[in-house]
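Asks: As a plain string of letters, each chain reads:
There are 2 protein chains.
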Amino acid sequence: MRRTPIVDALQAEEATKEIKICGWVRTRRDAKGFSFLEMNDGSCLKNLQVIVDESVPTYEIIKDITTGAAVELLGELVPSPGKGQKWEVRATELKLLGTADAEDFPLQKKRHSDEFLRQIAHLRARTNKYGAAFRIRSEAAFAVHKFYRDKGFFNVHTPILTGSDCEGAGEMFRVSTLPATGVEAPKEGSVFEDDFFGREANLTVSGQLEAELLAMGLGKVYTFGPTFRAENSNTPRHAAEFWMIEPEVAFADNEDNMDLAEEMTKYVVKHILENCPDDIELFAKFVDKELMGRLENIINEPFARVSYTEAIELLSATKKKWEFPVEWGIDLQTEHERYLAEEHFKKPVIVYDYPKDIKAFYMRLNDDGKTVAAMDVLVPRIGELIGGSQREERMDVLLERINEMGQNPEDYWWYTDLRRFGSAPHAGFGMGFERLLMLVTGITNIRDVIPFPRTPQHIEF
Amino acid sequence: MRRTPIVDALQAEEATKEIKICGWVRTRRDAKGFSFLEMNDGSCLKNLQVIVDESVPTYEIIKDITTGAAVELLGELVPSPGKGQKWEVRATELKLLGTADAEDFPLQKKRHSDEFLRQIAHLRARTNKYGAAFRIRSEAAFAVHKFYRDKGFFNVHTPILTGSDCEGAGEMFRVSTLPATGVEAPKEGSVFEDDFFGREANLTVSGQLEAELLAMGLGKVYTFGPTFRAENSNTPRHAAEFWMIEPEVAFADNEDNMDLAEEMTKYVVKHILENCPDDIELFAKFVDKELMGRLENIINEPFARVSYTEAIELLSATKKKWEFPVEWGIDLQTEHERYLAEEHFKKPVIVYDYPKDIKAFYMRLNDDGKTVAAMDVLVPRIGELIGGSQREERMDVLLERINEMGQNPEDYWWYTDLRRFGSAPHAGFGMGFERLLMLVTGITNIRDVIPFPRTPQHIEF
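Respectively, the protein sequence lines represent chains A and B. Under the numbering used here, the letters of the first sequence match residues 1 to 461, in that order. Under the numbering used here, the letters of the second sequence match residues 1 to 461, in that order.
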């Protein structure tokens, strides 16, 4: 007999003579001649109540069924006289699959700190909070795929191992099969000639450049994969390994780009509210009291849109003391981004047309010669959720920008080639998936929306 | 005005006065006073025919519109008098977005070899074959997500950077921020104490162990992400970076595992046949004449199932000359796998209960003490498509197996912990996504189902 997931049992249309339930015991309460088990199998937040009375043949094992034990049982699904649950199960057969010694099992019925639970990340999916977080993560990922597919995008897998450095930043992990120690630099040539790929290889920081290559053939594409930054910074918003969603659209400009970013954000938030009501309610109740208001606001209000120059004016006009002084030309810091979204606009805001000197070489130069057609989506609590731009499709301008940025055009021969053959306007952006999840759940530490986070000095599990 | 993707224009219900089309020109044919353009925008295999006559204001640019050029145009969508197409466009405005010099542009109208196209992988998505391959890749990825979600699985992102080695094999890429040269081994301790994670870090070869951790909380999970092997082998079936799908199910045995593997394979093949008929037709016509028969067979016939011991008997009973001699205890080679699937059963076959000595420590030991509850799905043309097993849930047996395999149980404290706390039977498998695509398209080289393949000495793009 196949087991019935608890999510299905709880939503049953009618009573069932025989049902098989497997799961982990959250609590056991004993009364005279019978016991209540609260069981959870991960399929949903809610537990299923099971009544085991002494007529069950194996009733004597009930004493070993403590919090955390794995149990398989047969029983009858019947209407529950108790409050807050429609159904319960009266067990007829009971089997203890795996014990969880009450002295040792760390997840006893009480509240645990996030820090503690990170140390037992191999078990935390069995708690209400992390179970909910990872179910939401899964559903959000599906929403992303569904959104793009419905709009005619193709999901592309851009390479994780790369010989190029998309952002021109040096914070990359090197990937190698050479020994870690005792390697001397050769007199001539590069040591990487003996490495697996015959040249230096790194972990990607973005799939954008390759996504552009594919967009210029398939039209509309998106990536959804892991990206890496070897930044030695311990903040609640940064991880060394995180997932990014990067759409790239041929025949699109920065206006289209902003429309897509706004539409996508709204879509995913709405999808989660509709498909994960119980899990979201947990976060709204216990993690962030303002969560529902913020999410409703994202869905219902059009995002504000201001140019970078206007944003600088807004920031300059306040009496706020900034840690990083505001003037035209600075890169916006989280304090600025959050002020704009949280205090000034009180909703997400898209800032566009940034100074070219603070942005990457591939962003399209505007006619003013000073700004590029970039756009960032800033959201309350998080700051930057999305960063993107129209891409420079003009060969001469692109080459000038690559040289200006101190990069070597030959390293990007395939990228510049796109501007030789059927070049066209195109645009795209990157959204940090974990930031989206922090927005949706109210969780404030990126380590708590990834099952097994990687940060400096941390690679356990 | 927004552009209409060609896939939508070709399926229009009625004629349209004004439509905007953007795309790349596949061919141009000139007649007296007008020209035909065959346009493609990547949204589908089929081209849209556009008639540009000399009344179009910019008609003089037509001479620069050569194969590969990017064009934007307005026009009227009208019924086509030509054969094989329902609609065509009569242009009213025409704009050349980007030229493609006929001397230099490598994708002229002729057949190119796969080898040549790999060297210009940045452009090959603009060919019929690779456009079709990558559209199928996208739709297959969606089918995977949909299949698992509909069955109540949660998509989990297991870490790419890992401190452990799932398969006990040494073929891993090391990830580091230490210098590549001039690093000496310290007198005491490990050189990796100074590395980013404070210990040796590698690229994952499988997300299974972490997927198990999550399955034992969420019940049913699957991963779909990149995995890596630093094997210095140049075969048409191996890449250093490839994508894997790894479901893991709590309260499931190897029988359930086989059912899931068969159901999933059939589902994805069926989904592709239903959703990508034009792209599949291209492969059935030009790449593999037997493709359709093989795919129909996969959908319609139950997979064969034999134990490893029976498989060895079948292989021994033939008169075939094997490169690798057959006897009980050997690991099946591709020649054996293909014989079973192609010649003996003439359909996919699942082989189960392999000798424990050729399988990993985490596979569940059968009562015979000699075999483990493993299962591989072997398919025609490919050989092994899926490999999986029921996992060893008994602590004492697991520890014995880890020691037998020469591994250190302390490295897996979090993995063995699962057997201390609420242990339960569970099972899962890994499917190489590229092998699935090779099966579905008939493409015989893994380099041609990945946009930018990574193999020894190859990391361009």
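Careful, some of the hints might be misleading.
Said to hold, decoys possible - Below, a list of computed lysine to aspartate or glutamate pairs in the EDC-like style, where the Cα atoms sit at most 16 Å apart:
no. : chain 1 : residue 1 : chain 2 : residue 2
1   : A       : K320      : A       : E343
2   : A       : K151      : B       : D396
3   : B       : K146      : A       : D150
4   : A       : K146      : B       : D417
5   : B       : K151      : A       : D8
I should point out that these hints are in silico values taken from the structure, not numbers from a laboratory.
Asks: When the structure is checked against the list of hints, which entries are broken? Sort them ascending.
Replies: 2 and 4
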